[in-house]
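Student: Protein chains in written order, with this note's numbering: chain V, 2 to 344; chain Z, 2 to 344; chain B, 2 to 344; chain F, 2 to 344.
Just so you know, not all the hints are guaranteed correct.
Identical chains share a label here; the pair holds if one copy fits it or two copies do between them.
DSSO-like mimics (lysine-lysine), calculated; alpha carbons at most 27 Å apart, straight line [said to hold, decoys possible]:
no.	residue 1	residue 2
1	LYS290	LYS119
2	LYS134	LYS107
3	LYS298	LYS27
4	LYS28	LYS266
5	LYS290	LYS28
6	LYS28	LYS258
7	LYS27	LYS266
8	LYS339	LYS28
9	LYS258	LYS27
10	LYS340	LYS28
11	LYS75	LYS162
12	LYS298	LYS28
13	LYS119	LYS107
14	LYS340	LYS298
No lab work stands behind these hints, which were simulated from the structure alone.
Number of protein chains: 4
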Amino acid sequence: MYDFLNDYNQTVHPQLLKEFIDINNKKLSGYGLDDCCNDAINHIRQILNSPNADIHFMAGGTITNLTTISHILKPYQAVIAAETGHINVHETGAIEATGHKVVTVKTEDGKLTPELIKPVLDYHCDEHMVQPKLVYISNTTELGTLYSKQELKELYQFCQKNHLYLYLDGARLAMALGAKDNDITFPDLAKYTDVFYIGGTKVGAFAGEALVFNNHTINHDFRFNMKQKGAILAKSWIIAVQFKALMQNDLYISLGKHSNTMAEKLITLFDNHGFTFAATPQTNQIFVKLPNQLANKIVSLYAVDNLGQSDPDHICLRFCTSWSTQEVEIENFATQLKKLLKN
Amino acid sequence: MYDFLNDYNQTVHPQLLKEFIDINNKKLSGYGLDDCCNDAINHIRQILNSPNADIHFMAGGTITNLTTISHILKPYQAVIAAETGHINVHETGAIEATGHKVVTVKTEDGKLTPELIKPVLDYHCDEHMVQPKLVYISNTTELGTLYSKQELKELYQFCQKNHLYLYLDGARLAMALGAKDNDITFPDLAKYTDVFYIGGTKVGAFAGEALVFNNHTINHDFRFNMKQKGAILAKSWIIAVQFKALMQNDLYISLGKHSNTMAEKLITLFDNHGFTFAATPQTNQIFVKLPNQLANKIVSLYAVDNLGQSDPDHICLRFCTSWSTQEVEIENFATQLKKLLKN
Amino acid sequence: MYDFLNDYNQTVHPQLLKEFIDINNKKLSGYGLDDCCNDAINHIRQILNSPNADIHFMAGGTITNLTTISHILKPYQAVIAAETGHINVHETGAIEATGHKVVTVKTEDGKLTPELIKPVLDYHCDEHMVQPKLVYISNTTELGTLYSKQELKELYQFCQKNHLYLYLDGARLAMALGAKDNDITFPDLAKYTDVFYIGGTKVGAFAGEALVFNNHTINHDFRFNMKQKGAILAKSWIIAVQFKALMQNDLYISLGKHSNTMAEKLITLFDNHGFTFAATPQTNQIFVKLPNQLANKIVSLYAVDNLGQSDPDHICLRFCTSWSTQEVEIENFATQLKKLLKN
Amino acid sequence: MYDFLNDYNQTVHPQLLKEFIDINNKKLSGYGLDDCCNDAINHIRQILNSPNADIHFMAGGTITNLTTISHILKPYQAVIAAETGHINVHETGAIEATGHKVVTVKTEDGKLTPELIKPVLDYHCDEHMVQPKLVYISNTTELGTLYSKQELKELYQFCQKNHLYLYLDGARLAMALGAKDNDITFPDLAKYTDVFYIGGTKVGAFAGEALVFNNHTINHDFRFNMKQKGAILAKSWIIAVQFKALMQNDLYISLGKHSNTMAEKLITLFDNHGFTFAATPQTNQIFVKLPNQLANKIVSLYAVDNLGQSDPDHICLRFCTSWSTQEVEIENFATQLKKLLKN
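Work out the full structure: start from the sequences and follow the hints.
Tutor: Next comes the structure, spelled out in structure tokens:
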């Protein structure tokens, strides 16, 4: 019943598990400073084509976001995010708990643009208001949408011109880079953001995100802040080995592709039945509007995310596929759906 | 040129000054625990008809807001405010700096209602989101509008039913209680809020607000939090004596009335010239939309708040009157305006 | 060379690894609310003989400490700790970063007693000082020492009488419960603390601590604070399965015993050579004072913790054994030591 | 009975009151940006012989300390203070509430030296510990002692060499500069500290401290942090006018001198009776050890600070004189003391 609930409902991809088992007979120094971490860091640097990238491993998205953002901002500075941004909605005020306001922007598709950010800068004009200093985006976004290379580049250039930093939350970066419409590469991320993270938890790791600082003016003493926020694992190598596996032979992007491919089958299925979507489905998160009765029946059979009424007659459900979704799960759902529609 | 800039552009009302001078030959113990503070507290309690009200004196609005809100909320709890609320816009993230999210609601007139708050409660459903626990309102609001007794009562009852606390920011409470349309009394504030403050800085005090806890489940050890936030003045009696004066013979409300009366003259003036307002002018803050050229001329002569273009042809200016505004200032402005309109 | 550096230098105990691999084919809901977590929680409750214990899994000690302490304290309240306490020294100000002072007490052996705490309470007498509200102890302590049942009970009763909460950091609880001199049982911990955690990271888990609230007046809405601090892993079951294994057949305590047994061999070795200790060695951490030259030689061969000069002629080194220390490592070191002493 | 309780028990010095009354007929813009503030700032700059000093007015010591320190430090950085330092003891954890640890040093006389600070720097060696970055001293200290120019200079040079900032809390700066043994001048403070404040509240102001940044690398955007912490008074000019008066004709230092002179009379009195002191009395705070019975009698007649038993037979009382202490008060006390000693 958890088939389409989220993309972190199964523990770990076999290749990552293998690396994890292999490391078990070694002794290591701990706290992210061992050879095993260095090895994974070098792998990532190569793929980013960025030999000086400053890379850190943390256990989850929220702690990565709060540790990074609180490190970059001064007490009176704020982060700009889409109203739908994960840090604004689903992290229980984690950023505010470190003392910083999240200034939000209403968007159609969960994506920020220079046009949307400009008025925020104009509005915040003196010391009676917070000082926006960091722009937070997610790729894919919380609505499953995607930034193009051009969009990312323009956003970054706008940030540069306006003395803002750009931070990209890559919890679902694999699904972004593995999307049909994607034209962003790993080296682009090193070029067009100040800092971003490569998400592991939603791409086959049992836990783990790899944070990458491209801008070396904002990462000074970062490990102090990591330690303070409880973000350094004693045995950080358990995350590192997983990233080593993910970064080999394009495994990371291919897992993202698989997630998206499985989603496409669901999209086609819903499309064929004439259902519409709350946001253009581009990756592995599908926000479909279903007739009330049908939606309720599905909810009784599957643990899917229920986003409530999109209009009086329709309920919006999120179907989420993952690296571990199997074709048979889609087929079973298709059969189930047919049955439900008959009754 | 500061005539209509704000309501705190002149130091202190003569009667408050007199009390301040009189206290000067006494020795007192300090930190808000002396006879002079107690005396003022008792005056306020009588006027509130609330013998057990827990009352504290602080030097300004922002420190009163941040000390009070941070005292009431647990780390993961949030305060609900109108998007225009002072804590959301003009306190440089003071509330977030104490760790709490300000959840905002779009409003027409700067006023919160049960209908506007209900969806916020419905939306915040689990531990991935902050827990809204406190409702922040201002009376008068930041747009110069007013709550009626019925509105306040309904809001309070809604809060009670939903386990929310209600906090009223009374920076301009005198203008609210002194408004033509007002039907709220001091005892009503003791009945229909959990905590509120009586603003002094904008009503003739050189500094000072009187915070009143009506709900005795949320004020435990409040002085500890005051001291920690730097909110206890060593010589707190300098605020207390001013409130003693303000609370005598209705001085407080009469100063609010005077502010409003002066504003009405401006409103009539603008009305007569056919200008319109960005928010219904009810008290001492007037948001008037003036033709670009006229607005720019006024801005070159008067230090008034410029809120920018309300439409391509009009600029919105805030005119603010106060306890110290004199009729002659209005007359001079009327003359000036006539001149400007002629050219 | 990492043989005696710390007790978290090897990934995971085989039995925990087995459980981890077994869970891999299941789909689970996430965020600590699945059957797998519930199962582990029930195991722990049985062993504590405490059917209502409120149990949460987190990834490491620092995040467990900061999340717990910040949940219990009000903004102006403080935690009392030994000067050597982990939260005071080695967490980069994690507790202060959540807004709370750590009030420290000088101790001989890293242990707190009512006699040591009493003066702190007497001293903190009014709102110009923080309000001590929580007592933090570690068992084993940071100096490798141990609380007796009587000491724990007296401390708890003192706390009760003085309206303080007692929190026990059990990062090395296995070594405490597995110590020769120990007379504390798991059910005692449920009885004589308000909250404590069972450490996994230093006892064969690749990551993970199990926090246990015994006092149900201080854990309300705890998951909100966990989420806010980034302390809930999406796949929390990866910690739960490890605790399930640790709690079976006394594995947890037997791993602690093994650590201690290996340490005893080192202690005997040092004793036989006439070396003395900076703190009475009771468990798996040995603080031995070695002649400067010898110490420096050892440091060049082994990655052990160097605590600097204990006197002009001696350097204090920490030798730390663990669940994964093998007898042959001790023997090799003994041989090495003999060689070094000869030269 | 408040004669010797503290140095802020009387409202305001007549010359300051005069300035305050004079300003009352003006309109000013507010928030510390008006001519009146600029005027006072220029006065202070002249006296400091420091035309670029960046100066800000705040209402009290605690809010000045917390706003300044939280502005300078990064999240993981700490402030070093004497154990007796005001920020460590008597501000209810105000610094910790902004997220920063106060690292304390035991001292004999409340004064920090390079020798005392060096071990703190040696000890804090990696990212598992906070990073000390700011040194906090008070002059006069909380024990009434004094820094010499040589001591201050050496401390500053030590800080410079070790990349630390030096902050001097001048709550009682007047008593320091007005002390018999003093050789520090205002321009020295501009040279040998990074930031310091000139205390007003304890030197005849009804409220107010003037913060001075000498180091222009640490004050960027300071007004943002001031606003956020609630530290900007709307009518800041009420503080400015007082400093204008204090800075004229050496009034500030002469008030300090008067406080000290009154204290000397008390010291002589105690000396003559053979009583001894807990700290060498150098300025207006006298910590005298009196026989239990005598001390208790005095406490029943005067509201003096009781610091408890200094030994089983003696109680330590603090006598504090001020700008407003009159010779007759000393004489009355001498008479009283004689009477008490007779009985």
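Student: Under a CA distance limit of 27 Å, which applies to LYS28 and LYS266: within one copy, between copies, both, or neither?
Tutor: between (45 Å within a copy, 21 Å between copies)
Student: Given identical chains, is LYS339 near LYS28, meaning Cα to Cα at most 27 Å, within a copy, between copies, both, or neither?
Tutor: For LYS339 and LYS28, the Cα distance is within 27 Å only across copies (24 Å; inside one copy 55 Å).
Student: With identical chains, the pair LYS290 and LYS28 could be close in the same copy or across copies; at 27 Å between alpha carbons, which is it: within, between, both, or neither?
Tutor: between (52 Å within a copy, 25 Å between copies)
Student: When no copy is named, should LYS27 and LYS266 be tagged within, between, both, or neither for a Cα gap of at most 27 Å?
Tutor: between (43 Å within a copy, 23 Å between copies)
Student: At most 27 Å between CA atoms: does that hold for LYS298 and LYS28 within a copy, between copies, both, or neither?
Tutor: Between. Shortest inter-copy distance 21 Å satisfies the 27 Å Cα cut-off; intra-copy 52 Å does not.
Student: For the identical chains here, do LYS75 and LYS162 meet the 27 Å Cα criterion within one copy, between copies, both, or neither?
Tutor: both (20 Å within a copy, 25 Å between copies)
Student: Using 27 Å as the alpha carbon limit, work out where LYS340 and LYS28 are close: within a copy, between copies, both or neither.
Tutor: Answer is between: at 24 Å across copies they meet the 27 Å cutoff, but 56 Å inside does not.
Student: Please sort LYS134 with LYS107 into within, between, both or neither, judging by C-alpha distance up to 27 Å.
Tutor: Close inside one copy (18 Å) and across copies (24 Å); limit 27 Å.
Student: At 27 Å max between alpha carbons, let me know whether LYS119 reaches LYS107 within a copy, between copies, both or neither.
Tutor: The answer is both: 13 Å in one copy and 20 Å across copies each meet 27 Å.
Student: At 27 Å max between alpha carbons, let me know whether LYS340 reaches LYS298 within a copy, between copies, both or neither.
Tutor: The answer is within: 11 Å in one copy meets 27 Å, while 72 Å across copies does not.
Student: When no copy is named, should LYS258 and LYS27 be tagged within, between, both, or neither for a Cα gap of at most 27 Å?
Tutor: between (34 Å within a copy, 22 Å between copies)
Student: Checking an output row: LYS28 and LYS258, CA cutoff 27 Å. Within, between, both or neither?
Tutor: So LYS28 and LYS258 pass the 27 Å test across copies only (20 Å; inside, 36 Å).
Every hint, counting from the list given before, is met by this structure.
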